[in-house]
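Peer 1: Model the full assembly from the supplied sequences, consistent with the hints where possible.
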Amino acid sequence: AAQKAWMEYMTPGSMHKIMALANGEWKTDLTVWMAPGAPPTKETGACTNKMILGGRYQESLHTSTFGGQPFEGIGTLAYDNAKKVFISSWIDNMGTGIMLLEGKWDDATRSINFTGKSTDPASGKDIPVRETLKWIDDNHHFLEMYMMMNGTEFKTMEIKLTRK
25 AAQKAWMEYM TPGSMHKIMA LANGEWKTDL TVWMAPGAPP TKETGACTNK MILGGRYQES
85 LHTSTFGGQP FEGIGTLAYD NAKKVFISSW IDNMGTGIML LEGKWDDATR SINFTGKSTD
145 PASGKDIPVR ETLKWIDDNH HFLEMYMMMN GTEFKTMEIK LTRK
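Residue numbers (my numbering): 25 to 188.
Honestly, the hints are just simulated from the structure, not real lab data.
Treat each hint with caution, since some may be false.
Unchecked claim - In the DSSO-like style, the derived pairs of lysine-lysine whose C-alpha atoms are separated by at most 27 Å in a straight line are:
| hint | residue 1 | residue 2 |
| --- | --- | --- |
| 1 | LYS141 | LYS66 |
| 2 | LYS128 | LYS141 |
| 3 | LYS51 | LYS128 |
| 4 | LYS179 | LYS128 |
| 5 | LYS41 | LYS128 |
| 6 | LYS149 | LYS128 |
| 7 | LYS107 | LYS188 |
| 8 | LYS141 | LYS179 |
| 9 | LYS41 | LYS108 |
| 10 | LYS51 | LYS74 |
| 11 | LYS107 | LYS51 |
| 12 | LYS41 | LYS188 |
| 13 | LYS149 | LYS74 |
| 14 | LYS184 | LYS141 |
| 15 | LYS107 | LYS158 |
| 16 | LYS184 | LYS74 |
| 17 | LYS141 | LYS108 |
| 18 | LYS74 | LYS128 |
| 19 | LYS28 | LYS108 |
| 20 | LYS158 | LYS51 |
| 21 | LYS51 | LYS149 |
| 22 | LYS158 | LYS141 |
| 23 | LYS41 | LYS149 |
| 24 | LYS108 | LYS74 |
| 25 | LYS128 | LYS108 |
Remember, it's a predicted structure, so these values are computed and weren't measured experimentally.
Peer 2: Shown next, in the form of structure tokens:
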């Protein structure tokens with residue numbers, strides 16, 4: 025029984041196939057809000073997605089500029105066969121922490137609704153984060169991120185991804 029459970033846990037399935045649909049080169053249009061009501065900053069960049077470790081995880085490499093500085097970020101997306109949830113991690117050169125989110129696939133909207141935590145650099149404490157990653161079609165994806173500031177949730181980022 026234990027061996028069967030491990031085999032099911034380690035074998036990529038239908039959710040991994042959905043993740044793999046996003047493999048390839050993408051153009052990114054990024055909009056960022058630093059505080060509620062603040063004017064947005066807009067940047068363009070690139071993203072490369074590929075499945076790694078035998079199709080079990082997707083690695084996303086992002087490059088652009090932010091505030092006139094080079095920006096690099098690495099995301100991983102996993103589907104945990106045992107927990108039946110997606111897990112997202114994010115690291116970038118604008119911080120030293122790791123953002124971790126979990127979410128479920130919504131077939132009706134073709135999206136993953138994530139919740140989790142990130143570090144607030146000003147306080148050093150965790151803050152709640154909410155993200156939605158939507159597969160609009162094979163060539164267009166859309167990500168929105170919301171964070172809490174002073175007890176109020178606000179939209180901090182959106183990324184429009186277009187396949188190159």
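Peer 1: Check each numbered hint against the structure and report the violated ones by number, ascending.
Peer 2: Failing hints, ascending: 7, 11, 13, 21, 23.
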